Structures are given as structure tokens and as C-alpha cells.
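Chemist: So you can see what is in the structure, the chains are spelled out below.
There are 2 protein chains.
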Amino acid sequence: ETWQPSAQPWEDTAWTWPPQPRSKRIPQSPSARLSQPTEEQASVQHGGRGHETGSKSIDRRLFCERLVCLVLSDCIARVQRFLVTRLGEDWIFLVMLGITMALVSWTMDYASAKSLQAYKWIHGELKGNIPLQFLAWVSYPLMFILFSSLFCHLVAPQAIGSGIPELKTILRGVVLKEYLTLKAFVAKVLGLTLALGSGMPVGKEGPFVHIASICAAVLSRFMSFFSGVYQNPYCYTDILTVGCAVGVGCCFGTPLGGVLFSIEVTSTYFAVRNYWRGYFAATFSAFIFRVFSVFNKDAVTITALFRTNFRMDFPFDLQELPAFAIIGISCGFLGAFFVYLNRQVVLFMRRPNAMTRFLTRHRLIFPAVVTLVIATLTFPPGFGQFMAGELMPRECINSLFDNFTWTKISGSPLPVGLGRSAAWLHPDVSVFIILLLFFVMKFWMSAVATTMPIPSGAFMPVFILGAAFGRLVGEIMATLFPHGIVFDGILYRIIPGGYAVIGAAALTGAVTHTVSTAVICFELTGQISHILPMMVAVILANMVAQGLQPSLYDSIIQVKKLPYLPELGFGHMSQYNIFVEDIMVRKVKFISSQSTYREVKLLLDSSSLKSIPLVDSRDSMILLGSVDRLELLALCDWWLSPERRLLMRDFPRHESDADLAPYSLLQITAWEEKEMDKPMEIDEIRVDPSPFQLVERTSLHKTHTLFSLLGLSHAYVTSIGKLVGVVALKELQKAIEGSTRSGVRLRPPLASFRDISNHNSVPKPPPSSPTSPSAPASTPPPSPPTPTACLLEATPS
Amino acid sequence: ETWQPSAQPWEDTAWTWPPQPRSKRIPQSPSARLSQPTEEQASVQHGGRGHETGSKSIDRRLFCERLVCLVLSDCIARVQRFLVTRLGEDWIFLVMLGITMALVSWTMDYASAKSLQAYKWIHGELKGNIPLQFLAWVSYPLMFILFSSLFCHLVAPQAIGSGIPELKTILRGVVLKEYLTLKAFVAKVLGLTLALGSGMPVGKEGPFVHIASICAAVLSRFMSFFSGVYQNPYCYTDILTVGCAVGVGCCFGTPLGGVLFSIEVTSTYFAVRNYWRGYFAATFSAFIFRVFSVFNKDAVTITALFRTNFRMDFPFDLQELPAFAIIGISCGFLGAFFVYLNRQVVLFMRRPNAMTRFLTRHRLIFPAVVTLVIATLTFPPGFGQFMAGELMPRECINSLFDNFTWTKISGSPLPVGLGRSAAWLHPDVSVFIILLLFFVMKFWMSAVATTMPIPSGAFMPVFILGAAFGRLVGEIMATLFPHGIVFDGILYRIIPGGYAVIGAAALTGAVTHTVSTAVICFELTGQISHILPMMVAVILANMVAQGLQPSLYDSIIQVKKLPYLPELGFGHMSQYNIFVEDIMVRKVKFISSQSTYREVKLLLDSSSLKSIPLVDSRDSMILLGSVDRLELLALCDWWLSPERRLLMRDFPRHESDADLAPYSLLQITAWEEKEMDKPMEIDEIRVDPSPFQLVERTSLHKTHTLFSLLGLSHAYVTSIGKLVGVVALKELQKAIEGSTRSGVRLRPPLASFRDISNHNSVPKPPPSSPTSPSAPASTPPPSPPTPTACLLEATPS
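In order, the protein sequence lines correspond to chains A and B.
According to our numbering, the first sequence holds residues 38 to 834 in order.
According to our numbering, the second sequence holds residues 38 to 834 in order.
To be clear, the hints were calculated from the coordinates, so they are not data collected in a lab.
Note that the coordinates shown come from a computational prediction; the quantities given were computed from them, not determined experimentally.
Possibly wrong hints are sitting among the right ones.
Any copy, or any two copies together, can satisfy a pair, since identical chains are not distinguished.
Unchecked claim - The calculated lysine-lysine pairs, modelled on DSSO-like cross-linking and capped at a C-alpha distance of 27 Å, are:
no., residue 1, residue 2
1, 739, 715
2, 771, 711
3, 157, 759
4, 151, 626
5, 214, 739
6, 626, 598
7, 647, 759
8, 647, 739
9, 598, 445
10, 157, 638
11, 638, 597
12, 771, 624
13, 624, 597
14, 598, 624
15, 151, 771
16, 739, 151
17, 715, 597
18, 214, 759
19, 711, 214
20, 759, 711
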């Protein structure tokens, strides 16, 4: 979790000054380099040489040969130029990204499916020998998980976990070190394949977003060979956004839901341009992904991954709606609880005590214990028989979405086509108990398993949980109305599978705070008949969950202490009543054009600011711009460097660096002391002439919008050109959390400062009094508030 | 088409200065007013009065009575406060918007359906009497269209047309006059109902977006009674965005597609927060909309509007994909042609010649002629029999999406369940001819009909066209492979209905430049089985159409000359190579703190700028802020006003305004002349201290992003605080269109200026030379370009 709050594309590279010749830094696109001039040069060469030749016949042959050569090379150059220009185009990038990710997704699915097949085969072969069977059942996933954990730890610890929280942070403009490297890619792909192949309740979606983003980042580096556009820092966000969309889209072959999910999860403001590009890449990717499975005879043609076969003509009745609403609301609570549980597990593991210290030293013990416990509990001949332990994640979903009503088939000989759903039917135990046990056990298992130090997502486990919960409600409904619901004289049976689909969408929606899970569900099941009740359930689940807990990804961001900006709720009046002046830091560290090197050095030593504001003078405080920390460091270093000392010729020239005698060291110190008191050469450094500025009365709402739109990390507060304060992400974060956590505090304590300062500033004399930079110059006195209002505002509730 | 380029929420109200007490302008939320203090006051009153009473028994009764009174009033106040706070909440607004729009949508559908029923009934009753039948067939829609046109013209001309282009402009930050009023609402609802009821090929979607937005705007004004949030100008965009989503969503009961379509069509950057709110409102609205139809027994339960019944197990084969791709590409070309045709019709009508002048004077002639021609051509016993003329729009869609293969049933007795699809089968003419005729005739009819001066959208007509085209391809495929496609030894029939669905999505996608039409199609048909081929077709159609023509809405924006900002393509290197300094206007009109009233007056008379930059002095050119035009006008007016003249006591006091003698008029002029030469009192006016600023080297890409993110209309270009230029929407527009229309011009002619000025600025002396504001101060000389590079750059290709 190392991060530097740096490299804001908006701040650093973009508004750099003095205007460097941009084309120097961004190599010109090859097409520009190759165009027109090449031909001109060629023809000039040709003409020149052609006239030089003397004797005729040899000349003519030579000339012809050369002509052919030139024509050929010209042709080749043209083709090459054409290819390079074309290959640099955006859609090529998108197609390549799509194909790569489809290949990766399919290969991973194939490998993990084979692994699970082997797992079940071993389990089946050993039937009869319970101890050996148990050993195999437990050791197989243990081996996989341990190897995955070890591999990630050794190759790239960045590969651990989901990846969505980190990507959200990266898209926010923060650079996370080593996060989008080929190493992380390899570790994540291999680690995830192993984790999925172990049969543990871990998901593919989150890590896949990370994998796709790495793929996009690496590919863009490759593409920059063809087109300079890809080297542009602005492009980075565009590339990663598409990467996210492709990641979700080709994970399950759900392009639509993938794009929407990635938007909801990773962005605050979204460029519609990227939406289109995301669609293109995700569709292509999902298409190839499904075509692979057709070629592999997994499927007959391109259909949904977990296809359902509910009746179309009358999917549900209006009278079933209360049940759907109950599923939605319950899933909201359950989702919030899942997030809470997950966070508590992580926090517990991070609490410094003897046990966690021990676990940190021996990294493999925690995943080993978790795997051991989960595998033991799901052992089919053991406790697993009461919780359908033998079903692997995908089998779970397929069976939970099936078209049967399980409560009706218990007892009688099993109907044809039931398939793996038989695992849910125990001769002695009711289906309800099994479903409930499955739900409760898998609930904590999923919450714990996703904290293991392996690449693991929570989407799929939560999806299964939701499906189980929905199925439970559906089966209860089917028992309550055994003959179905009568409408218009016709009897309609209840389909518990439909409830399962709705439950799955609602719970994943609640945990991730998204509504696009409904779309993912349609695409996964291939049926859209339940669209309206599902949307209603997902929205209800979201309403409940958003009120109780942050989303799972935000929760991880908070736990990992990544920089983030909380969302502003809609309609809180306070966001319009709090102004920047209430939250800004008034004691700004700055350099002026008269600052000495000593002052600069002191400032640099005492703070870790990435950029430092430059003002005209200490008195006027007119903001001229901001200077990069590195720039200042380099300047200071050079100022006291031996090279400069030699240049300045303060010392005799024959003294080389090698033989500095002690007496000269004293001299050096004296020289340095003297030099340190000289004013800084402001002309030597690059100044960003327009760092982002706000005025004191910018509202919290607007500040938040600007920070999230432009991905700012800080902004200076000015009053007619005078620097009066600075607001960083931290202040904003504090202000928002202070004002929204309580939800009702309409005048937060911070805001009361303003009233006082306002009262003070009323009688102040007019403009340009540089002593009080916070008092707005030339204020026409605001009409004084009535005494009552004054009283009300002065007493914070 | 009146518009003022004003009221940028980001620019005017937001950064106003001096800091007005914001709470004065935005009334505090009632909850803030009502909270805590009310109770305190109550208890103070109570305590105070309680102690005042003298004699005991009466006192006690009085005291008790008062206590009860106070407790009661306190209770009432609490309940009231609670209600008011709750009612002001966002979700109440969303629910109310949803219900209202569902009601409007359903009522309109109901009324227009009844009207069409009546139309067909009349037509049926008059069977046998061809002349009378023709008269009825023609006069019925004529009456409706004429009334609709007249009503809109009289009540609110803003109601004419689609509404999406205008809303796109409004959401861009431009204020269109009288566009979101109750009058426009009434005109649009009534006009649209009449238009839909006439059976003309006009759609509901575009106008419905407008209706929903008006509804949202009006509702928010109503809600501001409960919560001050709604009065905030920032809120406006949030409200309208949701309005758009609800409009599309409840138009056909497609919440998902509705939200996505409205995002794609209206926004450039989208706040994910609004996405969630849009979902909520649109789902609720669509839900209620469908529930109405269940109550009305139109449908048995909540299902899709144009439900299809394709087989689920094997919806299509991979070998059919080329056909789907062909549909996509053809639809791309057809869509572009539709936009072109539509624009040509509008432009023709606007060309100033005798005919158009005549038509403008007699507004009803154009719609009358169009209706007459269309109705005549579709007259079922006449030419209409060769183009399924008797089918009303919705019947068209239902029959085109049906499950039969028409080429196979021609000749034999019609199968059961064919229903209205029988209209496509002519005893003598092939289905292909009828489909082709239908497509060609409806194509130009739709393009012309949507230009009539009535509320009309183009989505539905285009949808029908696409369905017809897809069906045509499907029927051809079914003829080419009469026995279906063999795969894995099993024979699969081709479903022409599936082709129709894909064609509909692709053509609407091409015309509107969106991909969410695919989602709308799923929701309309209730089947998602064709998701991947449909996405592929829609994306191909988009690729083709976007390369050829602007979207229909952008086309209308351009024709109507509404202010807009063209999209920047991805990957054009030029957007990074062009800088603000290349496109900015260098001759900026400004006022300085030394400007006299005469200068200000002259400036105001000579320009129509909405805000004028204020600089420190003519020499320094340091930008202090910008001043609103109205502010300056008011100041000038007051400066020369009789009131001030009296105040100044330049004239004897007994002279009243009433009896100004001519000689005093001379005096007045003299006084005014004198006053005009005084320097302006800069302290008297409100200055916006931070108008949006850019630096010269801001790239075109970034400028575009900032303008579209923040909805700017102009920005000042500064160089270390000095004003050097201004960029307005117009310049940006010109620059983008100049650089992208050709598509290959990597160094546009404008950029060559920069090279020259750069060459000049190289030898210039270092900092703070105020004479050349455009030359960057303290430039470390850029490494001089090599002669070749120089040559290349100086010769624009």
C-alpha cells in the first residue's frame, strides 16, 4: 500500500511552465514524421544523383536500377507509413485489448474448470475411504491457495486482493507504485487461476478488472510506438477506464453490465466518449470469449453463461411484488452487514498484537487456516451434506437458478433434468434448513475468504449468497402458495428460480452500491422478463445499504488508507452553506521572489509538500504560481554543489574535489553559509503559472465537484490575486465527513467561524488593506442579520 | 430559437464577488429555520409567562391551558417540521416525478390508441365506398395535425419539434428562453397526443424527454417550497438530467435503456450520482406506467411492450453473424442518409425564396400538404396495399417482430395467430417487394414528417424503418437457407423476427449515434437472447454513421444554430499540438481600474459581451476579475441618473424633475459630459474575482475538456497574471472543426503562428518585461529545432 500523492495529470505535466516545446517531450506521431518530407527527400536525392553520372549505358542501367530501388523503397515506405498510422488508431487498440482479455479470461476459466473437475474426480474416486477422501478434499485447495499466496508474495504483492479499490484510486488521479506492471499481471493471472481452481468462495470479477487495466496500460505503452497519442498523460484515464469496462465485461461475457458496473464502481464523473469506447471493447471481448467456448464445444452457440428457462408469457404476478420488495430490503441489510463483517476481519488482522505479529511473520498460516476450516466444513460426507458442500461456485449458481420447485420434489424419486440440484435435497433435512445453513455458513466464509492474501474478488461469492437467499424466499413463497397465485381465473405457479435471480442482483447491488448488477444478471441469465421487480429490488437494497455502510470497495479504500474523496449526498443544505474559507488551511507555506536559499531549504526540510506556492512578495502575497518540490530541491543542490563552487571561482582552480583538505572544508562551510543567504534565482526554475485557484466563498459543493471532476489534490485559495489559504484533499475529506456522517447537522461547527469573521469584517475599511488577506476587499457591507438570526447562527446546536 | 449565452451556473452566480451572504440569496432550508431554536423560544416563552401569573387557582388553570396549548403547538410544529423536512427529500421528488410522468405517458398512450382505434373503425365502417373511405382516411389525420400545429403555434412555439437538441443545449449551460414553462408543457402534451393519434410517422420519445424535463423543472420549483436545495443553481443540471432519463424511461417502459439513452444523447461528462437517481426515477416511472396498463387490462401482467417469443435454446448460429454484420453496416449508411435527408428538408424550407416565404406566412400549408401526401400514399385500398399502409406504427413493430417466416406462408391459407401481420402478405406481390416499398416510402415520409411544425420525434419512425430493413434481410436469409442452418447435425431455422429486432436497434443507433438503443430493444422485446449480435450490429452501424454524419440531434442543433461544442475525436494528435495561444482572440476588450465612465459606456455600446474583464491598469494588464455587463450598465445609469444629480447638489435643490427647462438641459449635458470623464468607481461594483483562466500553452484537448466539464462559455488567457487573450465557445468550435473535419491535418494552419512567435521570442531578454505579454517571461530558450524540422513545420501541407 505505498502511494505517492503525486502525478496529477491536471496539475503537474499539464500546466508546466515555462512553455516547453511540447513536441519535444511527446515525440511526434510517426505518421507526421513519415509524411510528405520523405518523398521530397527521396526525389531530391534521386534527381541529384541522376545528373552526376557520366558514361551513358552503364549510367542508364544504374539509373534504372536506382529508379526501381527508389520506387520500391517508396512503396514500402508508403505501406509502412499506412500501416503504422492505421495501427496507431484507437479501434485497433480496443480490438487488441478485447482479444487479449478474452483469451486470458477463457484460458483462466478453462484452467480453473479443469482443476475443479480434477478435484471432484479425486473426490469421487476415493469414495468409500472417508479419511483419505477428507485428506484429498482438504489438501487439494490448501495446496492451491498456499501456492497462490506464496507466488503473489514473491512476485508482486500488489496482486493481492480485489484491485477495484486501487483502480478507483488510480482513476482519481493518484499514482500507486508498481501497480500496473507486467509482473503484477503475471502474479494476478496465475494467482487468480489457482484460487478459482481451489473451489474456495472467491470471485473473479475484481481481480479481472485489475488484470484488464494492466493489460490496457501495457498495451498502450506498446501502441505508443505507433501513435504518440498514447504517451499523453491525459490519455491514461481514457485507457484505464476502457480497461475496467473490458475487465468486467469479458469476465462473464456481459458487455453491457460490464461497462455500467465499471462506471459506477470506479468513477464520479464519466466521459461519455469512454462509454462508447468501453462498449466497443467489451462487446468485442465478450463476443470472442463466448466464441471460444463455442469452439471448445462448451456451448452449442453464443448464449448466456447461466442461462435460465423461466416461462416468458407470465413471468410473475403483481401480487408477488411484496415478496420481491422484502428480498430487496433484506438484501440491503445483509449487504451492509457483509461489508461490516469483511472490514472487521481485516481490521482485526491489522490490530497490533502478538498473534497478528506472528501471522505477519508467517504469512502462509492465515490462508492455510482459513482454507482448512472452510474445506473441513464443506466436506460432503461430513457437515457439507447439510449445506450442499459438494457444489462448486458455478454449479451453485446454475442449480439455484433452475426451474424446479425444490420443496415439491422432496421425497418422491428425483425428476429427470434435476442434475446437480440434487445436492440441495437431503433425505432427512428440509430444503429450508439446508438453504439457511448454506447461506449462513457461506456468508462468513465469503467474508473471511476474501481477506486472504491472494487475488480474490467478492462479487461472485456475494452473488451466490444472494441467489441462495432469494431461493430461500422463493421456496417459502412456493410453500405458502402451493397452488400458485390466481389471477383472472388462471392459476400461475411461483418460480423460486426467479426469486433467486432477484436475490443475487439485490445482494451484489447492496454490497457494491451499484444498480448495474441488475443488467449483469440479465446478461448472465439471458432472460429479461423479471426486469422491473429486479430493478425495484436492487434499488431498495441500494437505498438500505447506502444508508448503513460504505460500499465494499470504499470500505477497503478506507481500511487501506488510500487517498479518496467521499461522495457528497444530494440535498444536504450544508454543502451550499459551508465555504472554502471555513475549511481551508490559513497558514500556507510559501516562497516569495525574495526568499533566500536558506528559507527555501528550511521550508523543504520542514514539509513534504509536493508543490509550493510562489508569491510576489511577503507583503503583497500575490500568487504567481506554484513550484515543484523537485525543482526547488534541484536548484538548492546545484547552488551548493562543488561544480558551481568551481565555476564561481571562489576557490583556487588547482583544488580538485579529490584532495579537499580540512582547512578548505571550513572555507566551504563559510562559502555555503554565505551563499545560503543570497536570494533565490527565481528565473532559473520552472513555475506552474496557473495552479488551481478557488475564492473564499466557493461552496463545499462546488469545491467537491471541481476536485472530483479535475482530479485535484489541492487548490490555492485567493482573494483578488492574494494567496490566503490552501485546501487539500484531506481538508475536504474532513469537512464532508464531518457534515454528512451525522446527516442532520446543517450548520457544522466549522461554519460558525465564518459568522464571527463576517461580523468582524463588517466595519473594516475598504480595499487593498494587505494586512488582512482573509477580509474581502471593498465589501459593500452585507445587510446585518437580524438579532434573532444572529443568535440562531451563533449557537451551534 | 432565441437564446442568450448567459447564466452559466459556474460563472455568474457561483463566483460572484464580493462575497454576498449566500444565505440571503438562497433562503435557508426550512428545516434549519424550524429546528432547535423553535423549541428554545417556546420554552423561554413558556417559562417567562408561567412566572408572571399572580393569583393561584386561575393561574393554575391558565397555566395548564397554556401548557396544553404549548405542548400541542409544539407537537404540531414538530410534525410539520418533520413533514416539511421529509417532503423536501430527494427521493420524494424522484417518486413524484416518476408518478407524474407515468400518468402523462399512460394517458397519452391511451388517448392516442383510442384515436387510432376510431380512425380504423371509421375506415372499416366505410368499406365499399372508396371515395368516402379515402376522404375519411385523409381528413382524419389532416384535422389532427392541423389542430396540433395551430395549437402549438398559438400557445407555445417552443413545443415544436423533438426537444432533445434543445435540452442538450440547456444541459450544456445555455439558457433557452421560455423553454421549460408550463405553457410549453401543455402545448407539447396536447400537440403530441394529437400527432400520435393521427397515425403519421412521428415518434414520442424526443418530445417526451422535453415533457419530462419541464415536469422536473416545474416540480423542482414546487419542491423548493420544502427544501432550499432546489433553488440552488447547481441543482438545475441534476434535476434536468433526471428528467431526461425519466422521459425516455417511461416513454416505452424501458428504465435501463432510458437512463443510458439520455446519458448518451444529452451529456458529455456525466455525474455517476445522477445515474443512480435516474435509475430510481425511471424504474419507478416505468413500473407505474406498466402497472396502469395491467389495471386497464391491456396486459395480463408487467411484461415488455413489444414482447417477442423467439426460441431461447438456440437463438442464432455463428454462421448467421455475417448477415448481422451486413445489417449493421447497411444501417450505418442508411442512418447517415436519413440524417442528411432530414437536414436537407429543413434547410430547403429555410432557404429564402418566394415559396418558403409564402409557407412561412401560411404556417399550416406545409403540414397540410405533407399529411395529405402521406395519407394518400398509405390509403389501404390504393397504393397502401403495397406497403402495408393500414398498419399503425405500433402494429408495424408488433408484426415485424413476429415469429413467422412470411416468405413461407405466402399462398397457403393464413396460419392462426398471424393477426395483423396479414397486411404484409399481398396475393399478387412478393413479400420482398412490399417490404422494400414500405421501407423506401416510409424512409422519406419519416424524414419529411419529422420536420412538420408539431411536437414530433424521430426515434419511433426510425425504429420501424430499421425493423423493416432487418426483416427484409431476414426474409432473404430464410429464402437463401430455406431449411435453416445445419450445426452439429441439428437443423436450426432462421428467425426473420430476430433480424428485425437487430435492424431496429442498429438503425436507431446509427441515427442517434448511441449504443443504448440495443438496451432499449431488449427491454421493448423482453428478450435478451440476441444480445451479442445486436451489440455488434449497433456498434458497426455507429462506426459507419459517426464517420459520415453528425447525429440527428447534433444536426438539428447545427441547423437551428444553437450554441454547441463539437466532440473531440480520440487519438487526433492535433488536439495536443494546438494550444490556446493559437486560437485565442488577442484583442480583448477590457476595463481597467482607471477607466472613465465614457470608456465603459463606449465599450458597452460597441460590444455585447456578457462579462467584461477588469485589469489592474492598461500597462500592467494584471487580471483582477470580470464584471457583469448588467452591473456596469446599472452603474453607468446610476452615475448619470437624475437622482444622483440631485444628490450631488450640483443643481439648486428646488428644481424638480418635472419642470426641467431647456436651459437646464444644457446644464445637464454639460454635467453629464463632466461626469463621464471621471474614473469609474470600481469599489461600487461587484467583481467576480476568479473568472476561468487558462495559460497560453493549455492544449486544445484540455481546453475542450474544461469547457465541457464546467460548461464554460469563455475563458481568459493569462500569462503570470497578465491578461493576454480570451477564448470563447466560438473559437473553440472553429478550431475543432478546422482540425477534425479533414481528419489528417496534423499541423493545422493556425499552429504555424506559434512557431513564428516562438522563434521571435527566443532571443528576448528575461523576465517581467511588461511590453510583450504574450512572450513568456523568463523562458529558458527552447533548444532550437533542427533546420529540417524547422522547414517541415514552416510549410503547412
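Chemist: Take the hints in turn and mark each one as holding or not.
Modeler: Okay, the hints, checked on the actual structure:
| no. | hint | result |
| --- | --- | --- |
| 1 | 739 with 715 | neither (42 Å within a copy, 39 Å between copies) |
| 2 | 771 with 711 | neither (44 Å within a copy, 56 Å between copies) |
| 3 | 157 with 759 | neither (72 Å within a copy, 75 Å between copies) |
| 4 | 151 with 626 | neither (61 Å within a copy, 73 Å between copies) |
| 5 | 214 with 739 | between (30 Å within a copy, 26 Å between copies) |
| 6 | 626 with 598 | within (25 Å within a copy, 50 Å between copies) |
| 7 | 647 with 759 | both (21 Å within a copy, 26 Å between copies) |
| 8 | 647 with 739 | both (24 Å within a copy, 22 Å between copies) |
| 9 | 598 with 445 | neither (51 Å within a copy, 67 Å between copies) |
| 10 | 157 with 638 | neither (66 Å within a copy, 88 Å between copies) |
| 11 | 638 with 597 | neither (33 Å within a copy, 60 Å between copies) |
| 12 | 771 with 624 | within (17 Å within a copy, 44 Å between copies) |
| 13 | 624 with 597 | neither (29 Å within a copy, 52 Å between copies) |
| 14 | 598 with 624 | within (25 Å within a copy, 50 Å between copies) |
| 15 | 151 with 771 | neither (50 Å within a copy, 59 Å between copies) |
| 16 | 739 with 151 | neither (53 Å within a copy, 49 Å between copies) |
| 17 | 715 with 597 | neither (44 Å within a copy, 63 Å between copies) |
| 18 | 214 with 759 | neither (36 Å within a copy, 38 Å between copies) |
| 19 | 711 with 214 | neither (40 Å within a copy, 68 Å between copies) |
| 20 | 759 with 711 | neither (32 Å within a copy, 35 Å between copies) |
In summary, the numbered hints that this structure violates are 1, 2, 3, 4, 9, 10, 11, 13, 15, 16, 17, 18, 19, 20.
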